[in-house]
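Asks: Residues per chain, in single letters:
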Amino acid sequence: MTRGNGPPGLAKPGWDVIVTLDPRGTEKKGGFMNHRSWLKAFALVAVLSIVAAACSNDTGGNNTGNGGVDCATVEFGCVEVGADEAINLGAAQVISGADSTLGQDQVNAINLALDYLDGTFDQKNGTLLDHPVKLTVEDELCSAEGGQTAGTALAADSSIVAVIGTSCSSAALGVADKLLGDKGILLISGSNTSPALTDPKLHNPFYARTAHNDRIQGAIVAEFALDAGQLGAKTAATIADESPYTQGLVGAFEANFEAGGGTLTGSEQVNSEDTDFKPVLRSLAEQKPDVLYFPIFVAACTLIIKQAAEIMPDTTLIVSDGCLSSDTLKNAGKAADGVWASSPDLSAFQTDEFYSGEFIPAYKAAFGSDPLSVFHAHAYDATNVVFDAIKKVAIKNDDGSLSIPRQELRDAVFATSGYKGVTGTITCLPTGDCATDVKIGLFLAPGWPVEGGKGDTSAKYTDTKSLDDVL
Amino acid sequence: MARTRWIRMGAAAGVVMVFLALVGLIGGFTDVNLIGDQITFAGLMLVLPAFAAGLVAAAPRVEGGERYEMRLSEAMIAAAVAGAAAGVTFALAVVLADWIGAERIRTVFLNVTPQLMEFVNFGQATAPGALLIVAISTLAGVIGGTLRAAPPPVRRPVTSAVIVTLMFGFLQRVIPIALDQLKLERDWLYSSQFDGLTWIGAVVVGVVTAGISGLNARFGERLRGGLAQAGGRSGPTFSPVRLATGAIALGLLLVAPLLLGSVISEVLGTVMVFALLGVGLNIVVGYAGLLDLGYVFFFALGAYSLALLTGATLNAYGIPPEPAISGHLNFYVAIPIVMVIAAAAGVLVGAPVLRLRGDYLALVTLGLGEMVTVLVGSPWFVPLVGGPSGMRGITDAAIGGLAFRDPQRFYYLALAFVGLAAFISWRLATSRIGRAWTAMREDEQTADAMGISTTRFKLLAFAIGGSIGSLGGALFAVKIGSLTPASFQVLVSIQVLGLVILGGMGSIPGVIVGALVLVGLPGLLREFEEYRFLAYGAAVVAVMVLRPQGLVPNVRRSRELQDEERAQDEWAKAVEEGETPPEIATTGAAT
Amino acid sequence: MAGTEAPRVEAVRLSRFEQLPWRRIILVILGIVVIGVVAVGATRTLTLAKADGGYSAGAWRDFVVQGAAQGAIFAMIALGYSLVYGILRMINFAHGEVFMAGAFGSFFFADAYEKSGFLDRDPILALAIITAVAVGISVGTAVLLERLAYRPLRNAPRLVPLITAIGASLFLQNTFRGFFGPQPYGYPKPVVLAGNITVLGVPVQRIQLLVLVVAVICMTVLQWFVSTTTTGRSMRAVAQDREIASLMGINVDRVIVITFAIGGVLAGIAGVLYSLTFEQVQFTMGFRPGIAAFTSAVLGGIGSIGGAALGGFVIGLLQAVGPPLILTGFGIPSVFSLRDAFVFLVLVLVLVFRPGGLLGTGEAEKV
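Residue numbers (this note's numbering), protein chains in the order written: chain A, 1 to 471; chain B, 1001 to 1591; chain C, 2001 to 2367.
Calculated directly from the structure, the hints in this document are not laboratory data. In this text the structure is predicted, and so the values were computed from the model without any measurement. Possibly wrong hints are sitting among the right ones.
Under the rule of at most 27 angstroms between Cα atoms (straight-line distance), these lysine-lysine pairs were calculated in the DSSO-like manner [as the list claims (entries may be wrong)]: (1) A:288 - C:2050; (2) A:330 - A:460; (3) A:330 - C:2050; (4) A:234 - C:2115; (5) A:134 - A:420; (6) A:364 - A:420; (7) A:465 - A:334; (8) A:334 - C:2115.
Extracted from the complex, chain A is given alone in its bound form:
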């Protein structure tokens, strides 16, 4: 029985028409497949599923180890490397898609670290504790899903000793760091900068990074803006995009700017795929900020630089390493002149004998170009920190095999102190930040340290801070 309009003419105001259809006309084909058997079949499937789930155990997980006494009882066990097996180092980097330069660059640097195990860059890998080292790379697609896939793949392989990664913070945050941490596999990143990853409340004990914490970068940019001898800004506005990286930087900048006495006149968020930023900029221009900080990525960043030149010509523009690329200079043209960009300042080490004399030529020889992003150096350092830790904790068994206890490896990495890496001195904090004394530089376009940068490409302002100095 259903209500409805029914045949016209029958419905009068205040009356409804009910059309009753003959229930006997219903079909019932396939008698034995009636609803009760389906219910039984479904229940059976459900029960089987639960049983299967309970009984399933994945490959990997704790192995009992047959080296030293520790391995059988210690939490997370040990990685057993047979006498003629290679030590398996994992990498979770973004190697496809628009951000692939970031990940590929780091993979290249890791390979250079493998090369340097024998003390020279000869494009032949050295050995670690008489074992060769092999690299297993998984693509983390710069997203949470990619981080999960890469993390699952690496966590499933019980021969992986540690993982250098991820490239993007979103792949690590709560995803790869947890997947690997649950198996006791150390994850150390050369380019994650999101503050959330090392927040004491959120930090995973098996996560560390040699890249800087964006709280420091945001604070130094704020300091630069406020400094009377530099920009001397009293007011600032910010534009973020929909990525966690930007959110972290903008948050740090805003907090430190206001704490330093500045006034935040506007804070907007845009979508990185938009093209028309004129209304946003006009809206922010109303309050006439001295500085506009927009640490977003190349495509949107270039457009804002161009549009801001017309709408807020008197506001100083500051971007970050997400925009620091030759594409920006090329596409923004003259409008880019006078735009500041913040980035880790490796200049002190770029004159360092090892870095400029051996590392960079080796990179060029092996991969045909200069390094593509600044984080290659951090990845190189991360790899070496792991190698040092392996050297410290690996148990050499009589038969030539190695047992590497996972918990101790992690502890050894976190105990790293005063290690002299390419990026600076590395001292790991309990919350995972290993880049202490981070040096951030501000570069003035067109003198950016990228291809196509003109004139003096050194930092016009640098400062070194550690986490204790910033909010």
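Add chains B and C to chain A, keeping to what the hints say.
Replies: Okay, now just chains B and C, sitting in the frame of chain A:
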């Protein structure tokens, strides 16, 4: 003239070859080995268009109302012409590129690299290279044509053998893992040096497949007939053969994670989540005929509601980790609440817009999906859902001590939910509600006149479909343990729609097949990640143009069409023979 | 239909409760709420002191100009959607990619001309050639789409071509990505188009003025074409009833191809204007303008030229003026982050009250 047709086909294939080269599908894969290290993916891409041209050129023609099969010799000539035309077209393009200079072209088309040029010239200079292209294309065309013109007892086994062997080649990262898990020898099948099938392995796979296919051809009919008689029933819906296939498929689904390891199980887990979304969207699009382009609305609603109800925390630095609204319920208590919220949202959101005509509805639902995407990432909602950095700490759906975040365990959890949703969906389809939906879908005005309140049933479809979608979202949240707005883009809606269509609208096994193909394959074939959506778009267009009923069509719908066609044929025949035409019995709306 | 009797039909008295015109009541309440929200938001914004985030008259003027310029581009692209819909009753989702193809294709010419100086030596000729290239590529893409993806589906149920269009859109986007890479390319702007010009005391960017002028000219020409020329009349005939038009001797296939081609012409011109405005092309550049244009067409009343034009300008203005005017008053942080959501909400509301769009008949068409 037939000959111009062959040449045109060949030229089109040649254009496709140029396209493949320019888009990077050849140059980027010269070292992806399929069989031995001679047959690479790039090589396959290079010869496939010519092969296809030969195949189509040798196809039976329909001329003057008659179906005209080609003789073998004629087919080979046709195919040769087509193949040659393809080769000539492509060779001309290559010669042109060599003459202009690959470096100059590269400033525009990035994939015209020296490696590519070397590959398509087969390592030769321009002239011999061009001749080789023509020769190889002609040969590929002839092979295609011969295959097409071969009698079915030859053609079917060979085609199956080739397809299955190539599939084995593609799945070179998946099948070896499965074999390892099963503790079977795999070095004879997959080379450990260069990642592809060995020649021995390829031959074995090919022969076995051909054998199975041949056996099926000879004895399959008899077997099916025998089974049908033994079962005593007929009719496509519940035939014993379908049952057997279904049972085997179900068995495989149950057993797969145990055989295939964590990595593949993780991909299968995602497949199951999307299958669940597909079942939900199937109700909206397949049963009720409402084009919903914003299904991500329910997906996001389910994921974030579950996260908030089970006590997830916010990720962003500098804000308190506790969301503005937060509950600490158990997963199994939260799930029904999530579904009710989604159903209510579906009704609320659907009520004003379901009276719109189909195309407008599409746009409005797209807009709703976009709105949700914007809101969950916006600064306004940060205190609730954490903005771009998202949320973390989502429950692992533990019962007692049994947690479900492990890839295999999660897969079974998802499978159970898919089973539940499929069951609900199946029961709905054969219920009165389902019949009302069918009526609405086929002719809305008549259904309305028959007394079916279209608005009410549309809302019901939206609500039920939406709540199943929210279930998918909740499971997704559990799977990853962490949520970011980046996972909730309009592309999700499009993907789910794609898998519903590919599988066959209105068909649940179709949805699962669709999910396996559109979500599972890309997940397993990671090296093709960059071309995923290119293939996806091409597949959708191809399926819609060539086989709109999908891969596993809804049997009832097919039967409806067949019955109607049969009735019309009988009527036409009766008229022709001058007899009184029978009453046309239509299967139709509400009976 | 074995064993059925005729359905029983009876009349039943409705209770008072059920007699109320629920739909109208809800619509009225909704209308009041919407007007209330808009009024409250707007007044609060306009009464905000400058220091608290209020906007000056100059800001509103600039928002309007920016919105109108964006709207002009949307209107031109929306015309393509409307024309195709009028004739085929089908949304060509891939039209955004037709737009992108023209813009992207013309980039290489524009870039070459800039490098050689031709662009600034003789901007009119250079731009003419660039536009011709863009139009050619757009028209080619549109016609190919019609021939390969839509013609086989001419008589399919309406879901099928819609889904095909989505697939085609993805395919075209990724083809361009494969050909030219995922990165953005900087599009040159001739010096003569840089800078501002004052029109009636309002400072407008030269390129914005060009966009507005060209858009108005194109729409006027199109209107003339459709109402006066034979082809235009054939288009209207096919739009009205395809079968009868074919019986009257109109070559329906040809008319459909011409429709797609005209849409392509407009998209190509819009592509060049867009690229000159933003000085950037990227393979994703068609997606959002495509959706905005589609929204415009529906908002204005799809199938009508005036509707597309009106819709385009309305959407353009909405997305520039709407968030600052209404949302700022409620203290919502970062009003522009909600821009897209705002536009869609307005669309939904318009369709609730006027299901045929602004210039539609006001009745929900049921087909």
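Asks: Honestly, which of those hints from before does the structure not fit?
Replies: When the structure is compared with the hints, numbers 3, 4 and 7 turn out to be violated.
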